[in-house]
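Asker: I would like the entire structure built from these sequences, with the hints used as guidance.
There are 2 protein chains.
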Amino acid sequence: MKNDLLLQALRGEATRRKPVWLMRQAGRILPQYRRLSERVGSFKTMVQTPDIACEVTLQPIEELDVDAAIIFSDILVIPEAMGLPYEMEKNKGPVFPATIGTAADVDRMIIAGEEGVDYTVKAIKLVKSALNNTIPLIGFAGAPWTIFAYMVEGSGSKTFTLSRSMLYNRPEMAHALLHKITQSTINYLKAQVSAGADVVQLFDTWAGILSPQLYTRFSMPYLQQICSALQPTPVIVFAKGAFFALSEIAQLSCAGMGLDWTISPKFARDMAGNNITLQGNLDPCVLYAELPFVQKATLQMLQDFGPNRHIVNLGHGVYPDTPLDAVKCFINTVKQYKI
Amino acid sequence: MKNDLLLQALRGEATRRKPVWLMRQAGRILPQYRRLSERVGSFKTMVQTPDIACEVTLQPIEELDVDAAIIFSDILVIPEAMGLPYEMEKNKGPVFPATIGTAADVDRMIIAGEEGVDYTVKAIKLVKSALNNTIPLIGFAGAPWTIFAYMVEGSGSKTFTLSRSMLYNRPEMAHALLHKITQSTINYLKAQVSAGADVVQLFDTWAGILSPQLYTRFSMPYLQQICSALQPTPVIVFAKGAFFALSEIAQLSCAGMGLDWTISPKFARDMAGNNITLQGNLDPCVLYAELPFVQKATLQMLQDFGPNRHIVNLGHGVYPDTPLDAVKCFINTVKQYKI
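If you read the sequences in order, they're chains F and P.
Sequential numbering from 1 applies to the first sequence in my numbering.
Sequential numbering from 1 applies to the second sequence in my numbering.
Derived by calculation from the structure, the hints in this document are not laboratory data.
Predicted model only: the values in this text are computed from it and were never measured.
Where a beta carbon is used, it is the ideal one built from N, C-alpha and C, also for glycine.
Honestly, I wouldn't trust all of these hints.
Stated by the list, open to error - Each computed PhoX-like pair below joins lysine-lysine, with the alpha-carbon atoms no more than 25 Å apart:
#1 338/F to 296/F
#2 125/P to 2/P
#3 125/P to 44/P
#4 335/F to 2/F
#5 158/P to 92/P
#6 2/F to 328/F
#7 328/P to 296/P
#8 335/F to 266/F
#9 335/F to 128/F
#10 296/F to 328/F
#11 90/P to 158/F
#12 296/P to 338/P
#13 338/F to 328/F
#14 92/F to 90/P
#15 125/F to 2/F
#16 158/F to 158/P
#17 266/F to 296/F
#18 92/P to 92/F
#19 90/F to 44/F
#20 92/F to 158/F
#21 158/F to 92/P
#22 266/P to 266/F
#23 90/F to 158/P
#24 125/F to 190/F
#25 44/F to 158/P
#26 2/P to 335/P
#27 158/F to 44/P
#28 2/P to 338/P
#29 90/F to 92/P
#30 338/P to 328/P
#31 128/P to 190/P
#32 128/P to 2/P
#33 92/F to 158/P
#34 90/P to 90/F
#35 338/P to 266/P
Stated by the list, open to error - Facing chain F, from chain P, some residues (calculated, C-beta under 8 Å):
#36 159
#37 164
#38 168
#39 243
#40 261
Answerer: Right, here's the structure in full:
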């Protein structure tokens with residue numbers, strides 16, 4: 001591979017400079033994405049049409065010259081493939097018309113095979129071929145707890161009381177659903193790897209709403225199952241808000257750990273030890289500032305993480321209205337930084 | 001005072017049992033509150049009518065027999081007193097028709113004196129007299145950063161990009177507004193103490209959205225100013241989501257620190273040291289479970305915090321639809337627990 005900085009960093013090797021990519025780099029920050037999105041008209045159509053998903057995945061590679069591509073898709077393709085379709089509502093985000101509330105609902109869910117999400121697998125093949133071995137391609141999925149929360153709540157939530165209560169009140173039922181999600185996710189991610197994904201990232205977006213005990217019981221075992229099943233493919237686990245789980249996550253069979261911007265590099269390294277690569281974690285709000293400030297804050301972060309085992313990213317997906325010149329300033333600052 | 005367990009715990013004295021109260025104990029969990037609220041029809045009228053605010057404050061004392069009263073009010077009375085009125089929208093929460101975006105907006109804000117929130121001060125006098133020295137009365141205010149975020153965003157937000165960006169882009173302007181909020185809050189809390197509040201709690205509800213660096217620069221100094229100004233009244237600082245700031249908060253002139261449910265008692269004690277009282281932190285979702293489970297989880301928490309310097313509470317305000325028998329089970333479990 002022409003530029004395998006990301007893979008080197010995940011293996012713990014010293015790199016000539018730090019690799020950089022952005023969560024949500026393929027999306028609304030790019031004018032070419034917004035034009036395409038307006039023409040197609042539907043987010044789900046974009047996700048489900050391999051040609052379009054491939055085009056969107058490649059847009060930031062050309063525009064931003066990042067060190068990795070990440071397949072354009074959505075974490076909610078898994079519940080849909082399991083039998084729970086979702087809709088993307090403007091200004092509201094994803095909504096599930098039906099949700100999981102009873103054991104019968106859980107029974108109705110199928111363990112999705114590769115065919116349920118074949119559009120993403122096809123898109124990966126197209127991207128892989130177009131990349132022509134220049135940079136690695138990242139596949140991804142939602143972590144089982146986060147997918148569970150969406151399936152029970154039916155959308156995002158301020159307090160997630162339905163899904164969290166279910167963990168306390170119906171633990172067997174919760175585990176049964178988490179098991180089906182996990183198996184579906186393993187099938188899906190293995191298919192992504194077979195199609196060409198070089199790395200996979202698990203997004204545990206709602207990790208931070210759980211107490212440490214609940215997280216240990218209802219998220220960690222499923223993350224472990226997925227990480228083990230995917231060996232030897234490098235896995236990055238990004239558990240947003242789960243400062244309390246960093247040392248546990250470092251014990252998983254994963255090569256990297258994503259960090260949100262509330263976690264200082266020192267805290268992360270103290271908790272995680274030296275055998276895992278850290279990814280992150282500039283506050284995405286920094287990119288609304290003047291360029292000299294963007295540069296200064298990026299340099300500070302680069303320094304704070306130290307020379308090794310660091311993949312540069314934001315602490316969250318880039319916000320859709322972020323100025324493109326700030327994104328480019330961030331990326332260029334990383335590239336010019338001498339380790 | 002007949003029952004001063006809360007004050008003893010805040011002074012670090014050994015108590016015969018642990019004191020217990022609930023954030024949002026005066027509110028929608030109580031049928032008597034819901035009846036009154038339906039009759040009055042407006043949340044703000046309830047807050048602004050001393051007789052009603054007094055009645056609501058006393059309702060949980062009779063119904064739940066908790067170890068402290070907390071004045072019924074709202075953290076947003078301060079921005080309103082500064083010149084930025086809010087409305088309470090059904091199913092949406094507070095909304096500010098006008099927000100702070102420019103230096104001129106900041107200039108327009110006044111430093112509120114006691115008279116701007118005299119209804120709460122009057123309510124405190126009524127409550128204090130009705131309590132007749134049986135239990136302590138807690139006054140409260142929002143922390144300056146949280147009030148700032150509301151004034152800039154105009155409501156709650158998923159990402160708080162406007163308010164956080166302002167910290168990066170317009171730091172002097174942000175500090176000017178935070179200064180006015182802080183002075184107003186000091187005036188307000190001093191008036192609460194003069195009227196009879198025995199303890200005050202600062203709610204930094206949106207602490208967890210800031211990076212540790214931003215929190216250190218834009219929240220901590222203002223918390224310190226308030227804590228110092230209120231000496232020798234005991235202050236409890238509850239910075240939700242700010243796991244990264246616990247050791248800094250322990251250095252403030254405050255007697256207690258609130259903890260949300262993502263923070264384990266051991267982590268909190270390790271970070272905070274032994275010279276501060278910890279308050280919290282049962283996951284409020286536990287109260288949706290069966291009573292034996294509520295009891296078991298409460299006992300576990302009581303044990304995990306150890307015998308001293310602990311005030312029992314939830315890790316967040318009690319959710320409005322929490323079953324009352326679970327709340328009572330929680331409280332009774334605390335009262336029957338032998339330290």
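Asker: So, for every hint listed, does it hold in this structure?
Answerer: The hints, checked one at a time:
1. A distance of roughly 15 Å separates the Cα atoms of residue 338/F and residue 296/F; the hinted pair therefore holds under the 25 Å criterion.
2. Straight-line distance between C-alpha atoms of residue 125/P and residue 2/P comes to about 18 Å, which keeps the hinted pair within the 25 Å bound.
3. For the given pair, residue 125/P sits about 19 Å from residue 44/P by alpha-carbon distance, which is consistent with the 25 Å threshold.
4. With a C-alpha separation of about 16 Å, the suggested pairing of residue 335/F with residue 2/F holds against the 25 Å cut-off.
5. For the suggested pair residue 158/P and residue 92/P, the alpha carbons sit about 13 Å apart, so the restraint of at most 25 Å is met.
6. Under the criterion of a C-alpha separation no larger than 25 Å, the hint pairing residue 2/F with residue 328/F is consistent with the structure, at around 21 Å.
7. With a CA separation close to 14 Å, the supplied pair residue 328/P and residue 296/P stays within the 25 Å bound.
8. For a cut-off of 25 Å, the pair hint linking residue 335/F to residue 266/F stands: about 22 Å separates their Cα positions.
9. Between residue 335/F and residue 128/F the CA atoms are separated by roughly 24 Å; this keeps the pair inside 25 Å, and the hint holds.
10. Restraint check: the Cα-Cα separation between residue 296/F and residue 328/F comes to about 14 Å, which is no more than 25 Å; the hinted pair holds.
11. Distance hint between residue 90/P and residue 158/F is fulfilled; the C-alpha atoms sit about 15 Å from each other, no more than 25 Å.
12. Annotation: proposed proximity of residue 296/P to residue 338/P holds, straight-line Cα distance about 14 Å (limit 25 Å).
13. At most 25 Å may separate the alpha-carbon atoms for a hinted pair to count; residue 338/F and residue 328/F meet this at roughly 18 Å.
14. For the hint linking residue 92/F to residue 90/P, the alpha-carbon distance of about 18 Å falls within 25 Å, and the restraint holds.
15. For the hint pairing residue 125/F with residue 2/F, the CA-to-CA distance comes to about 18 Å; that is within 25 Å, so the pair holds.
16. A threshold of 25 Å between alpha carbons decides the hint, and for residue 158/F with residue 158/P the separation of about 9 Å falls inside it, so the pair holds.
17. For the suggested pair residue 266/F and residue 296/F, the alpha carbons sit about 19 Å apart, so the restraint of at most 25 Å is met.
18. For a cut-off of 25 Å, the pair hint linking residue 92/P to residue 92/F stands: about 13 Å separates their Cα positions.
19. Distance check on the hinted pair: residue 90/F and residue 44/F sit about 12 Å apart at the alpha-carbon level, within 25 Å; holds.
20. Of the pairs offered as hints, the one joining residue 92/F and residue 158/F holds, with about 13 Å between alpha carbons and a cut-off of 25 Å not exceeded.
21. A C-alpha spacing of about 11 Å is found between residue 158/F and residue 92/P, which places the hinted pair at or below 25 Å, so the restraint holds.
22. For the proposed pair residue 266/P and residue 266/F, the alpha carbon gap of about 20 Å is at most 25 Å, so the pair holds.
23. With a C-alpha separation of about 15 Å, the suggested pairing of residue 90/F with residue 158/P holds against the 25 Å cut-off.
24. The suggested pairing of residue 125/F with residue 190/F holds, with an alpha-carbon distance near 13 Å, which does not exceed 25 Å.
25. Between residue 44/F and residue 158/P the CA atoms are separated by roughly 23 Å; this keeps the pair inside 25 Å, and the hint holds.
26. With a C-alpha separation of about 16 Å, the suggested pairing of residue 2/P with residue 335/P holds against the 25 Å cut-off.
27. For a cut-off of 25 Å, the pair hint linking residue 158/F to residue 44/P stands: about 23 Å separates their Cα positions.
28. For the hint pairing residue 2/P with residue 338/P, the CA-to-CA distance comes to about 20 Å; that is within 25 Å, so the pair holds.
29. With a C-alpha separation of about 18 Å, the suggested pairing of residue 90/F with residue 92/P holds against the 25 Å cut-off.
30. In summary, the hint linking residue 338/P to residue 328/P is supported, as the alpha carbons are separated by about 18 Å, within the 25 Å threshold.
31. Restraint check for residue 128/P and residue 190/P: satisfied, since their Cα atoms lie roughly 15 Å apart, inside the 25 Å limit.
32. In summary, the hint linking residue 128/P to residue 2/P is supported, as the alpha carbons are separated by about 13 Å, within the 25 Å threshold.
33. As the CA atoms of residue 92/F and residue 158/P are separated by approximately 11 Å, the hinted pair is consistent with the 25 Å bound.
34. Our distance criterion of 25 Å between C-alpha atoms is met by residue 90/P and residue 90/F, whose separation comes to about 21 Å.
35. As the CA atoms of residue 338/P and residue 266/P are separated by approximately 20 Å, the hinted pair is consistent with the 25 Å bound.
36. The closest approach between the C-beta of residue 159/P and any C-beta of chain F is roughly 6 Å, which is under the 8 Å cut-off, so the hint is satisfied.
37. Hint on residue 164/P holds. Least Cβ distance to chain F is approximately 4 Å, under the 8 Å limit.
38. Among the interface hints, the one on residue 168/P holds; its C-beta lies about 4 Å from the nearest C-beta in chain F, closer than the 8 Å criterion.
39. Annotation: residue 243/P was flagged as interfacial toward chain F, and the flag holds, the nearest CB pair being 5 Å apart, inside 8 Å.
40. Against a cut-off of 8 Å between C-beta atoms, the interface hint on residue 261/P holds, since the closest Cβ of chain F lies about 5 Å away.
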